[in-house]
Structures are given as structure tokens and as C-alpha cells.
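Colleague: So you can see what is in the structure, the chains are spelled out below.
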Amino acid sequence: MFPSETSCWFIRKVIWWRAAASIAWSVLLLPPTTAVFVFLSKFSFLHPIQTISECLSLLMSSCLIFSFILLGGVVIMVGFLNLEYYTVIPTIACSKIALLGQLLHPRQVVSSVAHCLMGVIVGWCCAVTVGNRYKTLGCPCKSSDGVPQMGLNEYHLVFLLAGAFVGFSHSLLGVTHNINYVSFHAVQQYKYLHFKGSLPLVLKCSAIQAFYSIRNFAVAYFFLGYIPKTWICKTLNLHLDSSVHRLDSITGLVDLSLLYHLWISATFLLFTWYITLLLFRIFVTEVYSFPVQPTFTQDPHQCLPRVLTDQQPMILKFLALQDLALLSKHSPSRRGEVFSLSQPGGHPHNWNAVSRECLALLADLTQRLVAYHETVATNGRAKSLSSGSERKTSSDTSLTSCAEDLVSPRPTFLTKTPASVFARSFAGGPHSPLTAPFTPDLDSPFSSPTLRRFPGLVDQCSPWHGSVQSPHIMRRAPKLWSTSAESQVSSSPPRSPASVPSPKQEPTKPSFVAQFLQNRKEQLPEASSQALFADSQAHIWALEALSYLVQASFTEDQFGVVQTTLPSILSSMLHLQEAVDRHFKLPHASSKPVRSANSMEDFTYKTLRFALRATLKTAIYRITTTFGSHLNAVQMSAEHRKRLQQFLEFKE
Amino acid sequence: MCSLALFPPPLPSGQTTLCESNNELLSGANNSEARQDSSPLSLHFPRESLKLHSRTESSSKAAFLDHSETLWMRSAAAWRDGGFTGLLNEITTSHAEVPKWLSVTSGCILALLRWVSSFHGSLYPHVTLSSEDMIAEFSQVLNWSDCVVRAFAWHPHTDKFAVTLLDDSIKIYNPKSAISPTLKHRLQKNVAAVQWKPLCASALAVACQNCLLVWNVDPCSLSTRPSSGCAQVLSHPGHSPVTSIAWSPSGSLLVSASPLDTSMMVWDVAAESCVPLQRVGGGGVTFLSWSPDGSHILASTPSALFRVWETRMWTCERWPCIKGRCQSGCWSPDGSRLLFTVQGEMVIYALTFSGSPGVPPGLVKGPQIAVVVADLSETTFNSPDGDIIVGGEIQSLSWDPRGERLAVLLKGDPGAANRPAIIAVFKTRANPVFELLPWYGEPGAEPRLLQFHPNFQHGALLTVCWSSGKITHIPFYFLSSGVSQVGLSRSPPLPHQQERPADFSNQSLFTELIS
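One line per chain: the protein sequences are A and B, in this order. Residue numbering for the first sequence follows this note's numbering, starting at 1 and increasing by one per position. Residue numbering for the second sequence follows this note's numbering, starting at 653 and increasing by one per position.
Careful: at least some of the hints might be erroneous.
In silico lysine-lysine, DSS-like type, Cα no more than 30 Å apart, as pairs [what the hints assert, rightly or not]: (1) A:651 / B:1063; (2) A:592 / B:836; (3) A:651 / B:841; (4) A:651 / B:752; (5) B:841 / A:592; (6) A:585 / B:1122; (7) B:841 / B:823; (8) A:592 / B:1122; (9) A:651 / B:823; (10) A:642 / B:1079; (11) B:828 / A:651; (12) A:651 / B:1079; (13) A:585 / B:823.
Listed next, the stretches of chain B that the computed footprint assigns to chain A, with coverage defined by at least 3 CB atoms under 8 Å from CB atoms of chain A [stated by the list, open to error]: (14) 796-803; (15) 837-843; (16) 846-853; (17) 911-921; (18) 951-958.
Calculated from the structure, these hints are not laboratory results. Cβ atoms here follow ideal geometry from the backbone N, Cα and C, with glycine treated the same way.
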């Protein structure tokens, strides 16, 4: 609808500046952090004065200033990666295979390699800063026959490898914990106070994660340490000093001072990165106030009603919705602009645009929930996928529908291949257009009952398979599902239906790998429910904005512009309420996620569905308590009126 | 300013106030049987009927702990139960099994810790209290630990209420249904406060000793004992005991406070996430009260300091008091005035906030000084039974949702017979000038807790919980002098009161559209 330059406008003028500001602050915070790190790494109980003087002289030294420059570069790089990879809608892997796919995605591999390299750089800086035995990679040593030569300083190497390991594990954990997800807080705070409040948590998280990373690193180095060591020795033509302890042994690794320095360095590394991330999150999610009506100096594209309808970039849409929700709550003057009429013509363009967009969001979610529920509730009772009309009939699983399907070209294969195999491999084909983007792994047969689309056929055409309805039974019978595993693995998600009945789907012998993969493809519980509500923050704001605006319209709307849309607002909210209620009756939908406090992971996306449910109810109550019995004058269906009466009597 | 000297003398014993009608209070003989029949919501919980806990958990633990466990097991258990100090304590006490240097070291560390905490305690005396004493100290209920009814909450929109009893159970009464569900939960101990979520039919937040519980009581359910699965548990390390909670009037957020935690928690209940808002001074937060328009929160601390938070960007104003901590406070319906009382003083102060929610927070000018609006110093009344002294320190304040009646619970002196705890009711007039008119002082058995009904149609309805376990409701019938709320009879106190023009009645809704 809009040229791409308008969406670029926001990224260019706002998001980049916010990212730049956050990176600048993280670079500015680097010197004090480094000073604390130097102090902690040099500290000794016995010589406190000496420690301080040593630290001071070190902080002035040229090598530390060079380290600063390097660290600053690393922080800027981390900031750029944050800007490049951040997302406001989390990607939720519905199965372990999908998670693996995310990890091996080229984009992610690039990020992991970059983090690894930056880890090495930070490791080098730490080694140089701590000094003493860690300082250089080469050290003079004597060979067995007494000739002086350059030997490998294993301590230094350990620091570099630890840095790489911590960086790599940070990036991997980032994928599983959705660390790139930027959530919006319900509580608005000034940036400084927000940062101050989160600082202890960041410190705790980085210390704990550094501890676990170093533990894992020690184990990995114990078993695999000789590989990088010999490689380095060969390429740099260094010699191993046989007179000192090898570090990939038990005695070498149980060196408290080494472990302490490694832990402190890893904490320092993670802390600087987390601070960058935290600052980025705080700056990006800051409220941006869009003008409601264009003034002469402003581009009309930058106004709230126009910006709301943009689909891309997502951050723009989210910030616009956040601003809308806040203005509807707090700002009577801006609400007045929303309710105002256009000057020549007298049309409520602003309100129309705002309400249309919010209602479209709600309708979209309702439709998504209904589609999901239909596929799940039929519990594998299939629907034909090729056309809408067939879908309807076959879902009724009547004999006639079966006959209809038999007429279509596909079922000829049914008679030859075992029906279950066919059904499942076929299910890997087309997505239902609505659910597909939100439940990424719909194509796996066990991922959700969405997929077994053909049991109707199975039922009637081959009674032998009549019992293969429930996923539990299917799992119990390995023969039935393992046969199809190969075709599952080989099939890429967006296959066309035509490619399905290919000869390679003949039953083959179950292989161990196939079985293993199949097991991994089983759904993580409640993940599909999470995925369904992944972008619900937008819906929450839309609900809040609508309900507050309607509440305010009771007294502030002078031209009655809201009254025209009140019936549709109420009906779409009640529709959504119905769909949400039905969704929460599904298994796993109402189970609470496990949360741990010691991680930078943002848990908000896991509980968005609960937040949406609560906001929806509150929104309806807000309207019913404001309007009271006046709502009886609003036209709506009998069913909705009954539901609304329940709300009016506070019985929901 | 007014004082108790202007009040009519209190009633003779045996008489209680029944209601206010035609601008005067009617009293009658204290015949509880007859009144029990007349009003279904007047309840009586005799102390004997409650099954009380005979022993606390720690005492039963000592009886069952198997001392033949290994040192490792005991240390792990001590770490789990008592944290670091528990572990040190365990090591120090079992000196026969551990090396001498270890037990000596842990003993030294323990002594050091105790010394530091005693220093902390001398700075903030309340941290040395046990959590039960602390709740009793900071609760709005008079003499909380001995109270049969420990907490009470009207639902903000309907005629139901929740009552917390001495045995830590919560009962919900609704005049429209015969079922009164009883809520019990393993973690529901020493309940300090309960509050219903606004704009919701079912959610009830409960402040317990170690956590917050949010019950979801389905109003249509026929079950009398909802399972503990209906309760969400919200806890945060270090945030206990919870002595006060407050829902935002828009129903979206819940704040909780603990005297041992310097940060106040803002909970997003559905997502079970919290944002700690920390300000170090004061040593904790004891009492919270959210203004009805949602723009400010009063947060008092155990020291002579309280804060008023602004809820848009969550910044706060510090208000140091001279004498003691802020004991209680309440907001006027439009959120523009705050009345509060200070421990050790016998007056009610008022603060006026002029900032409306629409103004950017930087421009909001807070009040400069608090003014004294009522003097409640001790006054002697002559009565047939002898002199009665009324007045003194104030336990809690409650303002009716229309802003016309203010009920004040005076502590009295439990030792002296002629100084009973008493409720004084003021008529208040907020516009054009704020003033308090004395109305009535009411003696009784021992009032412990008071709360106004949030939307009583004919004036105000004051609910009083008595020391005997009785709950009575005293209606005040009057015509509101302020805004006439046509068509809003069942609505909650609406937010944005200041922005809305006062003539609801002139608006016609749903006019026919002519296009």
C-alpha cells in the first residue's frame, strides 16, 4: 500500500538512532566495567595496597588502552548483531527438529561464528589484562637437549579457547532462549531507572551463566584440548614445554587461580554483551509518540492512523500500537484528535483507520484460533486440502465424501500404500494458509493433530486402519509410523500436493536414524499454543486501545463517531472471547511454562496467551461497566446478547 | 479543621448505630439475633467455631526430624530451609561430626552475620520482628493477631465480598447465591490483606506470609471448595511477608509490598512477571493505596517517610514525616486528594494533587505541603456509665466512593476501660472547599476493620468487622450533592474523573444516525 521508503523512514530515522545511542552508552560503560574487572582479577587479600597501585598503573598502560579499543570494537559489533537479529515476534520451535533447524540456519551460523571470534578477541584482552603467566602465547623454554626455543604458553591458549567457547555457547543459548526477542513492558519507566533496576539481574545472570560455561569448557578441554593445542603448535611452529604441567589433565585443570580467572573473564565477557543487549532492548522499546493528525511540516505517512496499517517493519507497527494504547489510556487531548472529524467533509477518518486496523487484528487472531481449533478438535479427522469445498465435505467423514475423494486422482495410491503412510506423508504438503506461519512445524505428522488430514479416508476405505486415529495409538505401533519416516525427512515443508504420490514413499524398513529423527519430531508440549499467540502483544494493545477509547467516548466523543462501530467492536471481542475460551480447553493450552530467574531470557512470550485472555476479559468489562444498560440498544445476535448479559451481571 | 469536641457524645453501652437516615444516625439496642435475620450479609464467626492451628510448622518439624541422618543430608536440608544462615547454624551445632576448624569458622561467620543484622536492626527496628508480628504491626486491622476476621474485601462491582478468618481460610459470600465457597491453600498463611481485581468477576488477590495468591473463583461454579489449582502463586525471593496489596483501578497491574523488601513489586498477574521498583530509603514498604483514578500510589515505609508514586512513568515523590511512619491513608474518589495519618500524631493530614493524568509527568506539580484537616486528640465525654475518653491515634481511614463520608478507626487503649476503640464518621465536602464536618462517634464491642461498599446506590454502606467475629453493615442514606450519576448506577468509580465534564445527564446515547 505504501512505498517502501515510508517504512524505511522509521528504521532510518528512529531505530538506527536508538541503536546507535544504546551502543554508545555500552561503549561508555566499558571503562568502569573494565576497571572493576582489573581490580577483581588482581585482587589479593594479603597485599591490598599493592593491588590498588598495580591496578592503577595497569589502567594507564598502553596495552590496556589497546585492549579498550578492541573491546570497544567488539561491543559495537555485538550492538550491530543485536540490531540485525532482533525480533519483536519470537520464533518458536514446535519440535526439537525445528530447533535444530534454527541452529543450523545460515544466518544463525554466521552469528555463531561472529560470536566465537569476538569471544576469542575478548579472551585475548582478558589474558593481556590479567597478565602474569597468561600474557603471551609463546614463551621461551628449553627443549630436552637444553637448546632455548619458543614454547607454547598453554594458559594463554586456554583463555583464547575459553573465550571462543563462551561466545559460541552464548549464541547457541541465545537461540534456544530466544534472546533476540525484544519484549515490551507493561510498566513504563525512564531509561535510566529501568537500566538501574535491571543491572543486578544482569550481573547475576552473567555470573551464573559464566560459571556453567566454564564448567562445560573445562570438561570439553579435558577431552578435546589436545586438538587445538597440537594444531597451534604445528602452524606457529611452537614447541610444547614438557617441563610444565599439561592443562588437559586433572591436575592441570584443578587450578583454582586459573579457574577463578577464567570465570571472572567469562563473567566480564557476558556482562558487557548482556549490557549491550539490555541497553538495546531498553532503547528500542521506548515509547515513540506518533502525531495523530498531520501538521503542515509533517509527512502524512508518519501519522498514527497511516502507520498502524503498515505491515512492515514489525517494530513500527508494534510501537504504533503501543503509542495508541497509551494515548487511549492517558491523554485526553490526543484522544480528542482520534475522535475528531476531518475538516472539509466531516468524516471521522482517524477513528475509522484506527478502529479498522484494531478490528482487523482481532479478526485475524480469531480466525487463526478457529482454524487451529478445527484441525485439532477433529482429532485427526481429516479434511481434504485441495479445495475449500472438498474440505468441508470430507470433514464430515461421510461415505459420499469418501466417494468424492476416490474420484479425485490421489486416492488411487491409497489402495496400494498403507493408508497411514499416505496420510501422514501427504500431510506434509500444503499448510493451511492461516496457521502455517505461526506453527512452523505443522508438517510433521506428530507435531499436532492438525496434520493427519485423511483419516476420513482411512476410516472408511480401509477399516483395518480405523483405530489409527489417536496419536497415542499411532506411537504405540512403531511399524505404522516408522515406515514413513524416510519420506518425512526427505520432504521439504512447502511441497506441492502433486509431488506427494511419488514412488519413494513405498514402505521401507525402519532405520535407526529415521526412528530417532521421528522421535525428535514429536511436539514439545504447549509450543504450538505459544506459537499461535507469538505476536499477541499487538492484539493486547489493540484490545486495550479499543476498550479505553470506547470508554472515553462515553463522555468525550462529541460527534458520536464511536457509536457507529460499537456493535462491530463488541461482536469481534465476543467472537474472540469465544475462540480463546475454546482454545484454553485444549490440553497443554493452560499449562504454565517453567521459568527460571537466572537467565536473560525473556519469558513474556511464553505467557502471552494468558495475558491476552486477561486483557480481553478486562476490555469487555470496561465497556460493559461504562455503558451499562445502554448496551441493550446495540444491535447484536442473540447469542452475543446472552454472553454480554453474563458480563453485565459479572458472571464471567 | 475540626476536632472531636464537636461530636455528639457516644452512645450508652448496649446501643449500636443502625443506620443514617434524614441526616441523623439512628441507634438501637444491641440485639444481634434479630438483626441476623433481617440482613443476610451480617455474619457472625464465633471464635470457638474455628479450627485453629495448634502448633506452627517449625515446632512440628523438630518433632519429626530424624537426627540420624548424615551430616550431608542435614546440611542440604538446612540449606534448603534456612539458606546460608541455616547451613552455618547446622554446621556450628553439629560440632562433634565436623572438623574443628570448620565449626569454629562457621560459628565466627554466624556471629559476624548476627552482628551485622543487629546493626541493621538498630537502623530499622522492624527487621528484628518475626513475620507474624510484623504483619500485626503494619496491618490496617486493629490488633491483627487476635482478630477473628483478619481481612475483608468488597467486590468492586457486585454485592459479594471475601472474608479471611483466623484459621487462614477465605470465605466468599454473595447474597444472590446460596453457595459460599471456602478457599484454602497450603501457602495461604497469615493473610494480611485481600482485594478483588477490578473489571473482573473472579480474581481475588491474597497477601500471604510468603507469597501472593491470586484465586480465580468462578462465580457460576457450584463448588464449595475450589481446588488449589485455581490459585496462581506469585512469589519473588526476598519479598515476604507481604503486608499490603493494591490492584490498579484499570485491573491490569497489581502492586505488592513487604516491610523487609525495599522494592515494591509491580505484577503483571496473567504473565506472572514482576518489575521491582526499588528505592532504598525507608527500609521497606508497608502500606499501599492506589488512587481511584489510577494516577498515583501511596507507599508508606516503616521509617518516618512515605512516597507517592506517579503511575505513568513510575517516578516517586518523597515525603518525610516528622514524628513517625505513615500509618494509613486514603484517596478521594477523583484521586486529587490524599488523606493520611502518621503514627504518634492525632491528626489527619491532607495533600492535594493538581496534576491530571493527561499532563506530561514532568509538568505535574505535586503539592508543596500537607495541611492538617482534622484534629482527633483525646476528648472526654460524660456519659451515664462514667467518663469516656475518645480520640488518640488512628488505625485506619476509609473514604466512601462518593467522597461524602469518611470513617476513622481510633485505636483507643486496650488497657483502660474508658478508652475504647471507636469509629468516628465525618461528613466530607470536597468542593468547592475541602472541609470535614464531624458527624458521629460510635462505640461498640471493639471494631477492628472497616471498609466502604464500592457502589452502594443510596449513599454509603460501611462494613465493620468486630472483635467478636461479627460483621455488620451500617448504611448511610443520603443524596449525593456532587455529580448525579445518571445511567451509571452500577459502574465503578470511573477513571479519568478529572477530565470528564460533569454533565453526564446531558448526553444522549445512541442517537439515530443520519447518513
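Colleague: With the threshold set at 30 Å, check whether the alpha-carbon distance from residue 651 (chain A) to residue 1079 (chain B) stays at or below it.
Modeller: violated (35 Å)
Colleague: Take a quick look at whether residue 592 (chain A) and residue 1122 (chain B) sit within 30 Å of each other, Cα to Cα.
Modeller: violated (40 Å)
Colleague: Check whether the Cα positions of residue 841 (chain B) and residue 823 (chain B) lie no farther apart than 30 Å.
Modeller: Measuring from Cα to Cα gives roughly 15 Å; hence the hint holds.
Colleague: Between the alpha carbons of residue 651 (chain A) and residue 841 (chain B), is the straight-line distance 30 Å or under?
Modeller: Holds, because 29 Å separates the two Cα atoms, which is no more than 30 Å.
Colleague: CA of residue 841 (chain B) to CA of residue 592 (chain A), is that 30 Å or under?
Modeller: Measuring from Cα to Cα gives roughly 24 Å; hence the hint holds.
Colleague: Would you check chain A against the segment 846-853 of chain B, counting CB to CB pairs closer than 8 Å, and say if three or more residues qualify?
Modeller: Since 3 is at least three, the answer is holds.
Colleague: Are the Cα atoms of residue 585 (chain A) and residue 1122 (chain B) separated by 30 Å or less?
Modeller: Violated. Residue 585 (chain A) to residue 1122 (chain B) sits at ~41 Å, over the 30 Å cutoff.
Colleague: Verify this for me: three or more residues of the segment 951-958 of chain B with a beta carbon less than 8 Å from a beta carbon of chain A.
Modeller: violated (count 0)
Colleague: Hinted pair, alpha-carbon criterion (30 Å max): residue 642 (chain A), residue 1079 (chain B). Please report holds or violated.
Modeller: violated (42 Å)
Colleague: Report holds or violated for chain A covering the segment 911-921 of chain B, Cβ cut-off 8 Å, minimum 3 residues.
Modeller: holds (count 3)
Colleague: Mind checking the alpha carbons of residue 651 (chain A) and residue 1063 (chain B) for me, to see if they're no more than 30 Å apart?
Modeller: violated (39 Å)
Colleague: Taking 30 Å as the top limit, are the C-alpha atoms of residue 828 (chain B) and residue 651 (chain A) close enough?
Modeller: holds (12 Å)
Checked against the numbered hints listed earlier, the structure breaks hints 1, 4, 6, 8, 10, 12, 14, 15 and 18; every other hint is satisfied.
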